[in-house]
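Asks: The number in the working numbering is simply the position in the sequence shown, starting from 1, with 253 added.
Source of the hints: derived by calculation from the structure; they are not laboratory data. Heads up, some of the hints might be wrong.
Under the rule of at most 30 Å between Cα atoms (straight-line distance), these lysine-lysine pairs were calculated in the DSS-like manner [to be verified]: (1) Lys529 to Lys565; (2) Lys529 to Lys499; (3) Lys565 to Lys543; (4) Lys529 to Lys543; (5) Lys565 to Lys499.
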Amino acid sequence: MAKLTKHIDRVVEAVSDPGAAARSRLAASWRRSIEHHGLDPGQAAGVQRMTDAALAERRKRAEAMMRVATPRLDALYQLVGCSGCGVLLTDAEGVVLDLRATDGDVDIFESWGLIPGADWSEAAEGTNGIGTCIAEARRVIIHRDEHFHARNTDMSCMDAPIFGPEGELIGALDVSSARADQTEGFNRLIAAQVAQTARQIEADHFRASFPQARVIVADHDSGDAAVLLAVDQDDIVLGATRGARKVFGLSATGPVSALPASDLFGREDGPTGFEKAERAAVMRALARAKGNVSEAARGLGIGRATLYRRMKRLGIGENPG
Numbered sequence: 254m255a256k257l258t259k260h261i262d263r264v265v266e267a268v269s270d271p272g273a274a275a276r277s278r279l280a281a282s283w284r285r286s287i288e289h290h291g292l293d294p295g296q297a298a299g300v301q302r303m304t305d306a307a308l309a310e311r312r313k314r315a316e317a318m319m320r321v322a323t324p325r326l327d328a329l330y331q332l333v334g335c336s337g338c339g340v341l342l343t344d345a346e347g348v349v350l351d352l353r354a355t356d357g358d359v360d361i362f363e364s365w366g367l368i369p370g371a372d373w374s375e376a377a378e379g380t381n382g383i384g385t386c387i388a389e390a391r392r393v394i395i396h397r398d399e400h401f402h403a404r405n406t407d408m409s410c411m412d413a414p415i416f417g418p419e420g421e422l423i424g425a426l427d428v429s430s431a432r433a434d435q436t437e438g439f440n441r442l443i444a445a446q447v448a449q450t451a452r453q454i455e456a457d458h459f460r461a462s463f464p465q466a467r468v469i470v471a472d473h474d475s476g477d478a479a480v481l482l483a484v485d486q487d488d489i490v491l492g493a494t495r496g497a498r499k500v501f502g503l504s505a506t507g508p509v510s511a512l513p514a515s516d517l518f519g520r521e522d523g524p525t526g527f528e529k530a531e532r533a534a535v536m537r538a539l540a541r542a543k544g545n546v547s548e549a550a551r552g553l554g555i556g557r558a559t560l561y562r563r564m565k566r567l568g569i570g571e572n573p574g
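From just these sequences and the hints, can you work out the full model?
Replies: Following this line, the structure appears as structure tokens:
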């Protein structure tokens, strides 16, 4: 009880400090929890959970994401499940859609409310891995007493956002620990894997959303973001991931205005990774075709004239050495 009271006092003190929110993202989230969402860090009531029918409807809306995420969740769970961690996938509003946990840990996650249908938005639970990740659209680690509610301070949560094919936030990937001895150093290792898996889900979802397009991967130091462009047979850009939108200065969300991919590749202040990737793809196709341009074009799924234009733009001769 003394531990819970100490945590409540710490949260209230931080929120009362007028400069704390400017110095600390954690304090800013605690302040949102109290002042914007009207929550009480000492609230004893458990996590809100929706009906099975409402959960089924949310899963249906998130079907495309869940389909590509399933094998990635399984792979991540194989890495962290034996250490007392659960893997959770949520929608963009922080509602848990799916959970992976060992039989021995399920009761613990159930008691914490980390189960499908539970609402872990910041508006409902205050500062927590899922809700704060979504609220701030960034990867977060919320370790034990960094949680807002005192009743949540026995868990550690590592989260990364998942963005859709039009740059919009569509969910969050969470690993939560059921172990009391979970260290902050171990949390950082898990968080890196969570971020990588979230990028993989985002990339898989993007590719599935443009099944007829050619997807180009940028060679660019973009942090946690998947930097992909989808282009049609005429090299007109059809779509871009959130990372690519940032790199090329495109609209943050929504459909991408049709423009030639070469207009993006040719920017002097843009990355050169796309050109390198395209050149490598053309050179591989020509090598496989032993220099036969028509055969190389068929291998790339484009017309002979289109391939000639690309070769000219990329400075590739008709008989590359």
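Asks: So, for every hint listed, does it hold in this structure?
Replies: Now the hints, each set against the structure:
no.	hint	result
1	Lys529 to Lys565	holds, 14 Å
2	Lys529 to Lys499	holds, 19 Å
3	Lys565 to Lys543	holds, 18 Å
4	Lys529 to Lys543	holds, 21 Å
5	Lys565 to Lys499	holds, 28 Å
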